[in-house]
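Asks: Each chain is listed here by its residues.
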Amino acid sequence: DQQVKQNSPSLSVQEGRISILNCDYTNSMFDYFLWYKKYPAEGPTFLISISSIKDKNEDGRFTVFLNKSAKHLSLHIVPSQPGDSAVYFCAAKGQGGSEKLVFGKGTKLTVNP
Amino acid sequence: GAVVSQHPSWVICKSGTSVKIECRSLDFQATTMFWYRQFPKQSLMLMATSNEGSKATYEQGVEKDKFLINHASLTLSTLTVTSAHPEDSSFYICSAKQANTEAFFGQGTRLTVV
Numbered sequence: 004d005q006q007v008k009q010n011s012p013s014l015s016v017q018e019g020r021i022s023i024l025n026c027d028y029t030n031s032m033f034d035y036f037l038w039y040k041k042y043p044a045e046g047p048t049f050l051i052s053i054s055s056i057k058d059k060n061e062d063g064r065f066t067v068f069l070n071k072s073a074k075h076l077s078l079h080i081v082p083s084q085p086g087d088s089a090v091y092f093c094a095a096k097g098q099g100g101s102e103k104l105v106f107g108k109g110t111k112l113t114v115n116p
Numbered sequence: 002g003a004v005v006s007q008h009p010s011w012v013i014c015k016s017g018t019s020v021k022i023e024c025r026s027l028d029f030q031a032t033t034m035f036w037y038r039q040f041p042k043q044s045l046m047l048m049a050t051s052n053e054g055s056k057a058t059y060e061q062g063v064e065k066d067k068f069l070i071n072h073a074s075l076t077l078s079t080l081t082v083t084s085a086h087p088e089d090s091s092f093y094i095c096s097a098k099q100a101n102t103e104a105f106f107g108q109g110t111r112l113t114v115v
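Taken in order, these protein sequences are the chains called A and B. Our numbering applies: residue 4 is where the first sequence begins, and numbers increase by one. Our numbering applies: residue 2 is where the second sequence begins, and numbers increase by one.
Chain A extracted, bound-state conformation (with noise of 0.2 angstroms):
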């Protein structure tokens, strides 16, 4: 059972333009959301995240918004730039302090010169 579900596996823009990767959750009980870029053969490096009290967070070029009610984020990267292209898995959290980590299957972004 998937419970982080990243549905489109590659999405691809023009340099300049936005990126809008997008992220789902069926289990309630996440409270912290966040987004990780992988490069092939390496381990994935921490973008941002954003807790459920929140409905954006912001950093940079680099955007999440969470709605809750629809249990769906996602990661906007404007402006996209080639080096942006990577996977970027949607990871949540759960209550209660667990530190467990639930990834989605991520998206391959190809953002073209």
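For the record, the hints were derived by calculation from the structure and aren't laboratory data. Backbone N, C-alpha and C fix where the C-beta goes; we use that ideal spot for every residue, glycine too. Hints may be right or wrong, so weigh each one.
To be verified - Heads up, incomplete: computed chain B residues facing chain A, CB under 7 angstroms, no partners named:
no., residue
1, Q43
2, L45
3, I94
4, E103
5, G107
6, Q108
Given chain A's structure and the hints, the job is docking chain B onto it.
Replies: Same frame as chain A, now just chain B:
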């Protein structure tokens, strides 16, 4: 960000042998370390959580006698795949964290069992 080093980056071993993978936090003391496994085009699946000086907590379906985890110090955790078989071939990734910080990941180890 903090640095987590995983070694080796890739390893090929014969079926039936054991392989040890090391995970080190280089510039911080990790209270908790995690081991993940990733199959091609799949998500990272948590295998176990380990705290320094205590036994690892394994996820459901992960054989603790096959995947031995030792968290000997605040900067080192090891994963030993015992009696490896071809189906154990995968990408293994560790992460480490301090209290109240995000987890930082190692670069991963590609294990191929032949």
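Asks: Would you mind marking each hint as holding or not holding in the structure?
Replies: Comparing the hints with the structure gives:
{"no.": "1", "hint": "Q43", "verdict": "holds, 6 angstroms"}
{"no.": "2", "hint": "L45", "verdict": "holds, 5 angstroms"}
{"no.": "3", "hint": "I94", "verdict": "holds, 5 angstroms"}
{"no.": "4", "hint": "E103", "verdict": "holds, 5 angstroms"}
{"no.": "5", "hint": "G107", "verdict": "holds, 5 angstroms"}
{"no.": "6", "hint": "Q108", "verdict": "holds, 5 angstroms"}
Every hint, counting from the list given before, is met by this structure.
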